[in-house]
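Chemist: Given next are the chains, with one letter for each unit.
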Amino acid sequence: MVEDIEMTNVVNSKNESVQLVTVEKWLESIDSLSSIGAGVIVKPTDDVELLKDSLDKIAIIALDFNNFDDGRGYSHANLLSKRWEYQGEIIGVNAHIDQLQFMLRSGVTSYKLLDDYENIDDIDYSNGFSICYQAAANNSGLKEKF
Amino acid sequence: MKNKIIENVTIIYHTYKNIKNMYEYNTDDTQFLVERVDQFEKQLKRYLDGDLDDAKFKSLRLRNGLYMELHAHMLRVAIPYGVMNSRQLRALADVADKYDRGFGHFTTRQNIQFNWIEVAEIANLLRELSSVGLHAIQTSGKAIRNITADPLSGLTEGEIADARPYCELIRRWFNLHPEFSWLPGKFKIAVNGAKLDETALRIHDLGLRLLRNDKGELGFSVYVGGGLGAVAVIGAETASFVPVEDILSYLESVMRVYNLKGRRDNIKRLRIKFLVKELGAAEFSRLVDEDWKHTKNDPELKLNINHLVQLEKDFALPVKPLEISGFEEPVDFNYSIWRKNNVRAHKLSGYSIVNVSLTKLGSSPGDVTSKQMRILADLAGQYSSSYLRTTKRQSIVFPHVRKDQVFDLWQSLEEFSLASPHQGTLAQIVACPGNDYCDLAKASSIPIATRVQQRFDDMDKVLDIGDLNINISGCENSCAHHHIADIGLLGMKKNNVEFYQVTVAGETLDETVIGKKLGRSISGDEVVDAIENIVNVYLENRDEEERFKEVFKRIGLKPFKERVYG
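Listed in order, the protein sequences are those of chains A and B. To get the numbering used here, take the position in the first sequence, counting from 1, and add 1013. To get the numbering used here, take the position in the second sequence, counting from 1, and add 757.
Hint data in this document are derived by calculation from the structure and do not stem from the laboratory. From the three backbone atoms N, C-alpha and C, an ideal C-beta is built for every residue, glycine too. Please note that the accuracy of each hint is not assured.
Mimicking DSSO-like on lysine-lysine, the simulated pairs with C-alpha atoms at most 30 Å apart in a straight line are [as the list claims (entries may be wrong)]: (1) A:K1095 with B:K1018; (2) A:K1095 with B:K1050; (3) B:K1310 with A:K1158; (4) A:K1070 with B:K1053.
One-sided and incomplete, this derived list gives chain B residues near chain A with beta-carbon spacing under 8 Å [claimed, not checked]: (5) T787; (6) Q800; (7) Y804.
Covered stretches of chain A, as calculated for chain B (at least 3 residues, CB under 8 Å) [what the hints assert, rightly or not]: (8) 1022 to 1030; (9) 1044 to 1053.
Make a model of the complete structure from these sequences and hints.
Modeler: Here you go:
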């Protein structure tokens, strides 16, 4: 279903497997997909605003961070989490270890790293700093200086 | 003499050490810099071990100011909004000696670059800099870069407001911003609080101009989408007045629209100017306003007034007005020439602003040796409360020099060959490194600058010509900002021969104007003659003190064109 990232399911933080559909598929059949507890995969090129009116029906939102230099996912996370107050899990998938702090502070609530990072300690990268200089969706654990 | 200066500096430095004229990093800030170096060191190790691929490492190292070329690696260190103290300049001199070949290079965006860095030593280098509050964070890459500010901020009469406290607050805000660190392209900001625009803010991705509204409240007018390069564009005004306390939320909205909608598919159209152009300035502004509606009342995004008040104290001038009685300037021909071009009025009585030009015949503008850096640091300690500024014209400003000590300072500068009297004249050419040093350049820059300087080697004539900018870029990347000079040269290559496209009457000080193309490009052999012809047309047509751009406005392109192309 989601061809270019070869992923149709994601494991949420409760260790349950959830089926993911594209934004396009979701908009075609919101009610039936909602009834089976489907989640939505959002790629950087997607218009995340299209999900705004059906957020409370989405079981989980997966943001795809596979493209290291494409930063749109961070704005998607911020809008979903801070502006529209999406209450479900926002999982960053195909995540890069060096970008965890940016993802988590932008509003991503959990992540699934790409396989390349198996042997690297992600604690170092998700919590590398003790201070933050700007308001973001999530500043927990950081000394705020803004 | 040298030892004497250094002895004096030690004493003077201690005298001034409790007086601030800038924001100095506290324990938290320094810890942050150390954490950043630790993280980068780990990334570097993974890269060297083969666990991090070239593309991702490139993206990460650029955000730490590191360029890797085939034979040499360059590190760009931020001098935040061009403000530094003597201690920091000495640390930069130490870096030049220890990790480079005894050189540094001040850039047109007020930063400093080192060109011969060993990758294995980078973490130690950055650690040393962090101990004096310096770093290379976001000095490159597709992120928000160091702010360009007026080098005379806080010093001149009639200023709307000192821009530095705002620069510092905006600098903090974009420091590792979680949402805006992986942008479509690089993003450069300029902030100006003076009447004249020394920052060229409308050729930046985003320019902020401090102003007061009818009620006397302070705010910013905002210009977005300016830039030079192959397509020169003047930034469009997207907001005529954003109250200072709302500036961060407004900036976030600009960045969000750019981050989400900016072109990422075409490497030649990554900058925000292309987005603004494609959408139209009105539509772009509408999108920003639409986003801003949601955030402008968010208390977390209001500018922290307590921080602002504290910063205004940190940036307070370290000197008080001084009545100097019975003082007369010494009569010395060379001194008076230097003084005319290099010394400006300070808003406080008893003080002057001194500009030190680093331009030397045949060398790359902005180049500085470690020895010169130490001399400048010492002299700033002795004569300018230990503070210095860097400028867009790649010179150094001593912000607060007692009027009765300017002559002594000049004598010391003269002794160390730092008293070039041509600040602002045509002899102070801005040039990029050109194809002698840069892989991107199509043509040479510095040799042309040298030939122009040789042609105009009569100082009387140079002084008679007066304030006139010549900028030379070796390719369309326009590093030397040729579009906004009185006379601009853009280097190119045709059938392996170097040619230069000449533009005239660009400017940014009073208004922003992109220079007009004179006509067909001119070969390297003939370009110095062309410059001389242009200067002569100016001299023959000017009334009294009329500047180049004023003459051009009055007489137009034709007389210049006719003389050059005959």
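Chemist: For which of the previously enumerated hints does the structure constitute a violation, in increasing order of number?
Modeler: Failing hints, ascending: 3, 5, 7, 8 and 9.
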